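As they're listed, the protein sequences go chains A and B. So in this note's numbering, spot 33 of the first sequence is number 33, and the numbers just go up one at a time. So in this note's numbering, spot 608 of the second sequence is number 608, and the numbers just go up one at a time.
These are computed hints drawn from the structure, not numbers from a lab. Predicted model only: the values in this text are computed from it and were never measured. The reader is advised that the hints may include incorrect statements.
For chains that are exact copies, the list does not tell them apart, and a pair is met inside one copy or across any two.
Unchecked claim - The list that follows gives simulated cross-link-like pairs (lysine to aspartate or glutamate, EDC-like), each with its CA atoms no further than 20 Å apart:
#, residue 1, residue 2
1, 511, 345
2, 275, 156
3, 424, 435
4, 552, 518
5, 552, 154
6, 607, 620
7, 342, 518
Number of protein chains: 2
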Amino acid sequence: MKMTVIEPWLIAPAASVVSLLIGAFLFNYVSSKDAGTDRMKEIAGWIKDGSRSFLKTEYTYLGIFVVIMAIILSLVLGITIGVTYIFGTLLSGLAGIIGMEIAVKANVRTANGAKEGGLSEAFPIAFRGGAVMGLMVVGLALGGISIIYWLTGDPEIVLGMSIGASTLTLFMKAGGGIFTKTADIAADLVGKIELNIPEDDPRNPAVIADNVGDNVGDCAGSGADLFDSYVAAIMAAMILGGASQIKYLETVPLVYAGLGIIASIIGIAMVRVKKGGDPGQALNLGTYLTTIIFAVFTLVATFLFNYDLKIWYSNITGLAAGLVIGMTSDYYTSINRAPAMKTAESAQTGAAIIILTGFSYGLISCFPALLGIGIGSAIAYSIYGVYGVGIAAVGMLSVAGIIIAGDAYGPIGDNAKGIAEMAKLGDDIVDITDEIDAAGNTTKAITKGFAIGAAGLTALALLASYQQIVNDLLQKTIVFDLMDPIVMMGIFIGMSVPIIFSAMIILGVSKNAYRMIEEIRRQFREIPGLMEGTGQPDYDTCINIATKGALKELLPLIVFSILTTLIVGFVGGIRALAGFLSGSIFSGFFLAILMANSGGLWDNAKKYIESGHFGGKGSDAHKAAVIGDTVGDPFKDTAGPSLNTLVTVISQIASLFAPLFIAYALIAA
Amino acid sequence: MKMTVIEPWLIAPAASVVSLLIGAFLFNYVSSKDAGTDRMKEIAGWIKDGSRSFLKTEYTYLGIFVVIMAIILSLVLGITIGVTYIFGTLLSGLAGIIGMEIAVKANVRTANGAKEGGLSEAFPIAFRGGAVMGLMVVGLALGGISIIYWLTGDPEIVLGMSIGASTLTLFMKAGGGIFTKTADIAADLVGKIELNIPEDDPRNPAVIADNVGDNVGDCAGSGADLFDSYVAAIMAAMILGGASQIKYLETVPLVYAGLGIIASIIGIAMVRVKKGGDPGQALNLGTYLTTIIFAVFTLVATFLFNYDLKIWYSNITGLAAGLVIGMTSDYYTSINRAPAMKTAESAQTGAAIIILTGFSYGLISCFPALLGIGIGSAIAYSIYGVYGVGIAAVGMLSVAGIIIAGDAYGPIGDNAKGIAEMAKLGDDIVDITDEIDAAGNTTKAITKGFAIGAAGLTALALLASYQQIVNDLLQKTIVFDLMDPIVMMGIFIGMSVPIIFSAMIILGVSKNAYRMIEEIRRQFREIPGLMEGTGQPDYDTCINIATKGALKELLPLIVFSILTTLIVGFVGGIRALAGFLSGSIFSGFFLAILMANSGGLWDNAKKYIESGHFGGKGSDAHKAAVIGDTVGDPFKDTAGPSLNTLVTVISQIASLFAPLFIAYALIAA
């Protein structure tokens, strides 16, 4: 009570500023490194130009979409929401640009680091490149929330910013996901299978698009993904806290999030690899240390600011649930664990059996995640009601800084390896970049599980905040009865949204890949000397096809999702919509885990065979495993990771339009 | 009110008796036909012996399971439940035996009919064989319910019989499903791929097991499936009706079900194929006519017995929902519709793309089904509350007689084709049996959709009757609040039961197929002259492996499902259990539709290519399509169809044990 001179929640903007400053410092650190030979710069230039070209096209379309949405929101819900909406899209878009820019700088400098000083020189460049993305995302997100809260004092207005960030994220995540798998599948099918040229061969017109895809899909996309969950979770917890009599509950999420940033910065500083060290281990150690530091910091703050200790317990519940989901994802996808090895073994009986086996293990891997979310949220609730659930989601996401850093590190390593191969730096250097790349795959499973778990808890918190908003509007406590057939109908319809979205986006990848395959074949047919290495492939056309195709496939899907939400709201009213949101959480969470884990599993089963088991590369088992891996590609990199954001978007649309549904729905509340 | 001398519900036992008599008459009709040449009789004898041997082994294990369950139920819930439980298993088991016996008679006689008199002679044998199964199932089921209701007047005691039927069904459906796909996959992988001998070649030691599998999986299994839903739906509606002040509501389900049997008998009598006619059309016409006759009969009865007209509307809602789901399943799987053709087209880009495309269309096909169930149940509820939902389920299932007849017709035609090929009856005869077989595939999609839809509505009715039972026990109206984290936790855990069940049963098929592959290879290695056609394969060992393996894989799964239900009930109490049941309906219904439709789609995409498109048989597209078909096999014939029954079993266990959960659960109501 002595601390009232300076409001505790000002930790949030302070941490944001520190985060942005350190991000800028690391950006300069990476930029100051040498980009290597002219050939390396040339290749990196293609990737950079391709990435910028994708982003430019995407942002042009998005600009139109955002303006239309902002006008509609301003007209229907007031100018404040319209403005905060644009603010959210700008922040999220800026995070995407920064993430992309640092990725296309860090990739070639990592490759050059490997050439000049080996792993101990290359690793920090790659990791700090990722850290720029991590720190910028959390810095911009928490900074944005702080500004709006400082100006308005109303967490419900943060909703406008949050939904702006979410719609942009959905475009970046799903659009980037379609782009990356379009290029990946097309490059592989024509290059490796039809023409028998190696991966990352510069003769392949799709090879630059493939490397661009790693950036736009994994780096910008994943960063945006957690941006979205991060903002939504903090906002939902603030709304739930604001509904209480206890004034400070509203700002606790800001305090915890600020401390999470500080913990992440310390964790990032501690990630180091000595000569001969294991980069994967270093990354994981950094994550675990950050988690512990965060737990300690929040405990201290809880005592210092005289918060109820139960809030801290809820916080830890979320953190624990995140770890459980992350670690089980790790178990079910790791190359040296039973599921991947048994899936690899099953490849000996043919492609059909490896598909069935990987799919089955993917299904089984949903069990711990479903238990984790179900039991975790129930415990958090029993500790501190719906607010406890909100705080659990915040707890899980507070360490987003280092999680994103690890996630964005992946495509940098992947790109570095590609550049090393294309620039023919020699086997030793490629091996080092390969080690950096492999470490990215290990952390990817954990961070993906973490991201899905966090999104699951966030979605539950958003559902609770939707109920809170409805209660406030109706001036009574509304119950969504599971046996109410309007609620039940909503659940069935809501379940179908992630289902249709997954299906359409996978079909979109197939369609788009088909267009690109035609283009690659055309270039090999029409450009003289291309196969011999004397002709110059037209990389840009491939990038353009992937970009335009991705947006073309995506736009109707996003409109479908938003319209369905509005239709259910205006026809079925707020009860149907509560069911609808729940249904989308149920099928969305399930499909996200299934697709992420089975996709990761097939990928590693293939790698396990490639490392010399069951006949190794070129064997029948390997061919079967390649089919499994290709099936898994759009599962794990396109459909799966988009579902989180999809659920977040429709949850927030529901909250935002709740007053209109109450006033005008056919079926009354 | 003038009709009180004879109770209207006595229509039910009367219709049962008629049904059983006509079933017996048709049994004799089929038996009286000539079974053809000695070679045909020999082959049919192997299939018959194999089928009997499977059933004998299965029933031996089942006997032990049933006795243990009956003892537990008697001790915990009283001797009445124990006795009715055994009664239910006996009826369901008897239906299985009759269905199997008629199938192994009708298959060879259909083949001989094709030889002697062509399609117009062969078709009635196949269809009436199926009709025996249909009439026996509904006759035994409704007869059994009538007896218990006549003796006790308490629909809750019918629950004991219903759960007896359900547990047996789960064994038959899932066990038969593992058996049939074990044999199918193993026979194909060794026969077609390794040794390059044609399908249905008598040299293949697994060929008889494959034909036995058609009987035990499709014929006995599907009949038992609808037996289970049929009894459960009628019982649930009776319980919901019994809770009302209006006395006659309790017996309306019996009256409607009785009328459904009469309508089915008329419909069955009208199914005829003239020379050059289309058997598929005849089967569908029979189903549609039965539906119309049933609608008229129930309307007349509703006026005659002075029932509230709203009951009839609910009834029609269920019927309409069933047709919508059946017809959309038909659209998404039919060989001459866009989804199958586009899936076939995608096979040109390789196995991975056909898997992704078929899976995506399977996902999309869930949309109309989810809408159908969601909106259908909401309409039924708005007409007549939870009782309306119960009556909708009864309405959908009342025409089960002809649905099962069409379903059981399928494997008879399939077997007839196999016998015609193995006995070398010549291309003309094989073509006729092929036409009969193909018609079975067309109706299969519709009846499968119908069965899944009916099970979905039944599960909702069971959920409502669970709530009714809990209300009665607690003497108050309990609300299952969707936002109650105990309910929500139950949903997440409940969702995982069908997910795990699907995964484990698919892995079980793979494991079991692997054992059988080893055995087939051993026989070709060790039996002299087998490949040349002079050695005699050991069919029995293959059948034994499939049988024992199926039961071995299945038993732990059934125990897991029942135990999970009991653990959730005793720990989380009735609220967690309400969520648990709902969650199992959500994921179970979704996965059942997804697996049935994507499996059917891959099957027909392959057939479309085989009919000469995209390169036809032997092309790369065909090879890719075969992989798709093999992935779909355990989807559509093992995992998918078992999920209905799984959900029914756990719903009923929950109702049955509700008093104990209320008394002893850790978390109180």
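Against the structure, the hints:
1. 511 with 345: between (32 Å within a copy, 12 Å between copies)
2. 275 with 156: This pair counts as neither: shortest intra-copy Cα distance 51 Å, inter-copy 72 Å.
3. 424 with 435: Within one copy only: 17 Å inside, 61 Å across.
4. 552 with 518: Close inside one copy (18 Å), not across copies (50 Å); limit 20 Å.
5. 552 with 154: neither (37 Å within a copy, 60 Å between copies)
6. 607 with 620: Answer is within; shortest intra-copy Cα gap is 14 Å, inter-copy 25 Å.
7. 342 with 518: between (36 Å within a copy, 18 Å between copies)
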